[in-house]
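Since the structure of chain U is provided, determine the placement of chain R on it from the hints.
Which chain is which? The protein sequence lines are U and R, in order. All residue numbers for the first sequence refer to this note's numbering, where the first residue is 1 and numbers rise by one. All residue numbers for the second sequence refer to this note's numbering, where the first residue is 1 and numbers rise by one.
FYI, nobody ran anything at the bench for these hints, they're computed from the structure. Watch out, some of these pointers could steer you wrong.
To list a few chain U residues with every Cβ distance to chain R over 12 Å, as calculated [said to hold, decoys possible]:
{"#": "1", "residue": "E75"}
{"#": "2", "residue": "K96"}
{"#": "3", "residue": "T103"}
{"#": "4", "residue": "D160"}
{"#": "5", "residue": "V194"}
{"#": "6", "residue": "E260"}
{"#": "7", "residue": "L261"}
{"#": "8", "residue": "K302"}
{"#": "9", "residue": "P303"}
{"#": "10", "residue": "M308"}
{"#": "11", "residue": "I310"}
If you only want the chain U side, here are some residues facing chain R, beta carbon under 7 Å, derived [stated by the list, open to error]:
{"#": "12", "residue": "K73"}
{"#": "13", "residue": "L115"}
{"#": "14", "residue": "R162"}
{"#": "15", "residue": "T163"}
{"#": "16", "residue": "T195"}
{"#": "17", "residue": "G210"}
Below, simulated EDC-like cross-link-like pairs (lysine to aspartate or glutamate); rule was C-alpha separation at most 20 Å, straight line [said to hold, decoys possible]:
{"#": "18", "chain 1": "U", "residue 1": "K181", "chain 2": "R", "residue 2": "D55"}
{"#": "19", "chain 1": "U", "residue 1": "K322", "chain 2": "R", "residue 2": "E460"}
{"#": "20", "chain 1": "U", "residue 1": "K109", "chain 2": "U", "residue 2": "D119"}
{"#": "21", "chain 1": "R", "residue 1": "K495", "chain 2": "U", "residue 2": "D38"}
{"#": "22", "chain 1": "U", "residue 1": "K302", "chain 2": "U", "residue 2": "D316"}
{"#": "23", "chain 1": "U", "residue 1": "K112", "chain 2": "U", "residue 2": "E273"}
{"#": "24", "chain 1": "U", "residue 1": "K73", "chain 2": "U", "residue 2": "E94"}
{"#": "25", "chain 1": "U", "residue 1": "K257", "chain 2": "R", "residue 2": "D55"}
{"#": "26", "chain 1": "U", "residue 1": "K96", "chain 2": "U", "residue 2": "D135"}
{"#": "27", "chain 1": "U", "residue 1": "K78", "chain 2": "R", "residue 2": "D406"}
{"#": "28", "chain 1": "U", "residue 1": "K73", "chain 2": "R", "residue 2": "D55"}
{"#": "29", "chain 1": "U", "residue 1": "K96", "chain 2": "R", "residue 2": "D245"}
{"#": "30", "chain 1": "U", "residue 1": "K73", "chain 2": "R", "residue 2": "D245"}
{"#": "31", "chain 1": "U", "residue 1": "K44", "chain 2": "U", "residue 2": "E273"}
{"#": "32", "chain 1": "R", "residue 1": "K495", "chain 2": "R", "residue 2": "E336"}
{"#": "33", "chain 1": "U", "residue 1": "K318", "chain 2": "R", "residue 2": "D406"}
{"#": "34", "chain 1": "U", "residue 1": "K322", "chain 2": "R", "residue 2": "E336"}
{"#": "35", "chain 1": "U", "residue 1": "K109", "chain 2": "U", "residue 2": "D120"}
{"#": "36", "chain 1": "U", "residue 1": "K97", "chain 2": "R", "residue 2": "D245"}
{"#": "37", "chain 1": "U", "residue 1": "K73", "chain 2": "R", "residue 2": "D406"}
{"#": "38", "chain 1": "U", "residue 1": "K80", "chain 2": "R", "residue 2": "E336"}
{"#": "39", "chain 1": "U", "residue 1": "K318", "chain 2": "R", "residue 2": "E336"}
{"#": "40", "chain 1": "U", "residue 1": "K318", "chain 2": "R", "residue 2": "D61"}
Treat the numbers as computed from the prediction; the structure is a model and nothing was measured. We put the beta carbon where it would ideally sit given N, CA and C, even for glycine.
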Amino acid sequence: MKKIIPLLFASLLTSHAHAADSAQPTLNVYTYDSFISDWGPGPKIKTAFEKSCECTLNFIAEEDGVSILNRLKIEGTKAKADVILGLDHALMREAKKTGLMQTHQQSFKQLKPGLNWSDDSFVPYDFGYFAFIYDSSKIATPVSSLKELVNSDASVIYQDPRTSTPGQGLMFWMNAVFGDKTNTAWAQLASHTVTVTKGWYEGYSMFLKGGADYVLSYTTSPAYHLIAESEGKYKAAQFTEGHIAQVEVAAALNTSKQPELAQSFLSFLISNEAQQILPVTNWMLPVVKDIELDAAFATLIKPDAINMDIEQLSKDRKSMIKVWRSSAVK
Amino acid sequence: MVCSNAVHCYLLLPFTGNTLTKISNITGLLFILLICTVTLLAFYGLIAFSGQGADLDLLTDSYFHSILIFSIKQALLSALISTLLGWPIARALYYLPNLYFKRAFLSLTLLCFVLPTLVLITGFVSLLGSSGFLTPFMGEGWSLYGLHGIILAHVYLNLPFAIRSFYGQLQNIPNTSWILARQLKFSPWQKLAIIEWPALRANYALTFGFIFILCFNSFAVVLALGGGPQSTTLEVAIYQALKYDFNIGEALTLAWSQLLIAGCFFVLLYRSNSIAWLIKDNHLGQWQSSQSTMGKIILCAIYITTFIFMLAPLIALIPGVFAANYSVTVLMSIGEALALTLLLGFSCAILAMFIAYWMMQPIRHTLLKQQTSLHIIYQWLANHSLIAPAMVLSVGLYILFLPLMDLDSGGMVFVVILNVLMVIPFAIQQIRARLIQFDADYDMLSSSLKLSFWQRLSIEWLYAKSILVSTFALVLLLAMGDVAIFSIFGSDQLKTLPWLIYQYAGSYRINEASLASAILLSIYAILLLKLERVKTHA
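So here's chain R without its partners, still in its complex pose:
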């Protein structure tokens, strides 16, 4: 049975399925509309308050040029370094399948990517800050504050993403390629140029672009390690224009610039596919291209160095944990903050998964019906919050709702709403491929079997369960790490754990910051182990 157009299809489907499919499509569209409304409301809040447009004089201010150049420079460098280092490390994982602690290493890469930035910064400050363990070895001019520190932190957070993405790509190289390479007696260089590089090429640009956007929009790292106007990004400048100067005109100009630049990259990125990086290690039993002993030693050295690099800032928390002041007040505040963090995180993750799933309905539908332009528009709208600065959305809503309600008590609602908005693109990116694959594999079949909407849904659940569960864990971890949104809507009485860490670190109570970081880190590790288990069982 072939459906030539939507009307034809609906006629062939059983009535209930038809109606429910329609309803679920409409629900999905409503959700897309809803998240766009939130964004529009935020911009309305900013524009309506100031009663003026953007301050265009800023565009000729040398300050604006320098932060623009700095934003792009640090994002380019971070993306370049992450992807350049990611490749050899991915090769080490691929060519040396029997490495010790490889599963731990892969879990660690995942942990690094979702690690709350303030945990990392606490670790880096105790390692490389003004009185850090490693600072004496860093030479005279070393300072963690400024470009060095920002790039170091960004590479730490994004290198794991590059490694996982490239490793997944290498694993996709068919065995036959390697067998052929052996028969044709390819030199190592030929293998690299003819087999490996073509496998990575498309993915390389995508990974690079994704890391670029993440770093371009980075907030907490730059705020904590920026060290003044010489190293400020657009995102932090927006925050400063609003919170420091209360200059809405400038904030708008900065926000539009941010939207425009990140938007261009985003459009380029979304023309291609999403990156499957939550891969599981399915390497066993695959054909192995042999490496020379020297090659093996080099790859092994790369592996060990990376392992140490990733563990170092986490281990650096330990001395602080022992030296911390275990007073009742400190433990109470950490306990309360942890409870709030988990509560907010779970609310966000449940909502985000629910919304992301329904938003995928019209996206999948338009793909099936080959409505390409609608498909791209829906997808773009559903993902738009990846480039809309969290800071702009937060402050816009803050200004809009402040006269209407008591934000000191109702602020948490906005923390949840905005965090949901922020993690939705990640959720969609993860579940998209699997759901579209499901349609490609089973849509025809389930249509011809006249499966009801619910039957179809239950099959889909079985098909996509593992990716849905792991995505849930991912968005949970991302939402739990938020600082930017909380910095606007948070209050003195209610603090999340990352915010508490920020306050400890900000007042230089590194020991207490380390203790709180270590606790948050253990929660993350536990959740990640669960996540990995789900994936291996799936």
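If we strip away everything but chain U, and leave its shape as in the complex, we get:
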């Protein structure tokens, strides 16, 4: 009986805040804007999860992955979110420094062994490789390496490494390929950069309107055009130096008032149901073994991955940003 009273109170409070949703609890999730757009995974994930959770799933969107982390840093323990979704593996270390990450209770048996996942706070939900996308009806022979792209005069759109995870990925890529000559390479790239956008969506939309020859995105982006628009002209350029991989991750916050609900959402993300939804809405590859993919995915390039030392990269991130921002000046 004693336990029932606080429970009643809690349900009263939440029902007061969400009068229309009766007594259901709300799970707040910080994510990035393209995740919750009408064509993104958000609406489908919401419907699927709400079928079983007896809760309301509420997405709160920031412009890109790094912005989610920045919001957390400002809000600290006041963060409204129960779960954050949309950081990538290169930001995990930085995120843990906030002291807000809850240890998860997930087992990763079903994950692809190649991911080698063992983090105790973050759950991976999809992954992909960064790539430059071009319009093959305009460009017959695309550049075949990052070096060639940097030295060319082709117009390029990429995202800001301070706000956007693809931008950050390019920054790691540039450093992996150019080493201590990265600063001159940035300067070279800046001479034919159309614009550096804040988020991925902004830059990619601009490219689709004919804004540039190449845009930084993922090897999986052409699958979207094939499946959603039956359009085959957009292709990813395969680079001989290899590509940088990105694993997108989610985690529960230890400030959450409903840790169990948060955990059940994390395990939902690596369930077969969610893993079927993500490739054809978020246009990334599933992290779980044996998920059947649309035939369009077989047409994508199969890039070699560049080895990444996440610990080291997280440490160098700040100084890499400093190099970028003072070199990418025309």
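Just chain R now, kept in the frame of chain U:
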């Protein structure tokens, strides 16, 4: 009756007037104190959060030098181009009094100055963006993103201000000067050098300085058209340091630098008078200096070119309006955003006018009593938000209040408070001259007539009504166009119309952005027509 000092004066005034004057002075001082407190709280929020001071290493970083140089360069170029082009256009208006659509032109200049930047940017993107109508004619290397685009937008927004300011100045040239010039058979060059230039000279520096500060503090234009670190201003760098890097130490260094530079210009500017640019066209019946036919043709060409330049980005919205997706969702979001914009705008404008008027009380009082240094201090404090970056104030308050209250629901209160703070300098600048003029003309008289405080107030209202109403409209329009403050305190559920346009334009839905822009533009045009009518009737 001569008042030699304040005490003497108070003794001579009727008791009620005396007390009420005192109270209104104190109220004014309290308001000045209040807005300064808001600014101090914001800086306190920033400093207290980081527990550290500014990051001085940044001062030796080449990144800092390049944004500093860029900020100054773009502001200087924008101010220079605006004032250089503004002069011949003002001359065209002055020397050709019978131009077609001149009233429409003057209304348009006002519209351009208060135009929400995102409406303009939407127009420019559809004209000159990567797939714009005019882009094919701009040559190979053209890009709207970067220095070109920023200066283009800044000139568009500030040229009208320069035109109006210079035109007003030319109209102040006494008829006798021209009659004398004719009698002395001045050559056109002599007229320019001896009559026109001296009339403009003082105003030129002032207009230049004002435009410089506006461009130096510019946010939305640079954020939308900046295109990466190669074209970033201090204001945008502050936003990036806070929102992108969450580096408070750097943000503080940038904020102080911004404050220092804009502050120097500001002090120079405020040593002189304010610029009367909300002039009405009172040219009829004035003496006209004749122009040669060739001169007339050139002036006419300048007039037409300017007209086209100012109309082009607005007309460029039209194709988008027709191509937009008129779905219920789009119309609903535009409707809701419009309602919120009007609500916030009116709350801001009413508050700002109220506060600005009361803040003028101690400023006027110190002027009357010839307390010059106090007068300058009050005036400086009342206007300080012109140089305090909106971004710094917003983020400072955001960080300070986040642990204390739910900003997702209470954020709108801060949007109003900060917008009030931002438009107050404009309000004061507009009403200042008229109120001081009132004191100069009627203070002695109303003192000797022993008018009560309320009698005096009602006379003052009649005297200053037109300028108060037009200033109200101006601050309303400025507050409705805000993006910077809303970008910090806004939420997903509540969006203002400019923010909605930013989101549409940001996701490259130019048609929807054009539709929303066109609606906002029509609201602005309607409010401006009202404003012009008040002025012509006054």
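Broken hints, by number: Numbers 1, 4, 5, 13, 18, 19, 22, 25, 26, 33, 34, 38, 39, in rising order.
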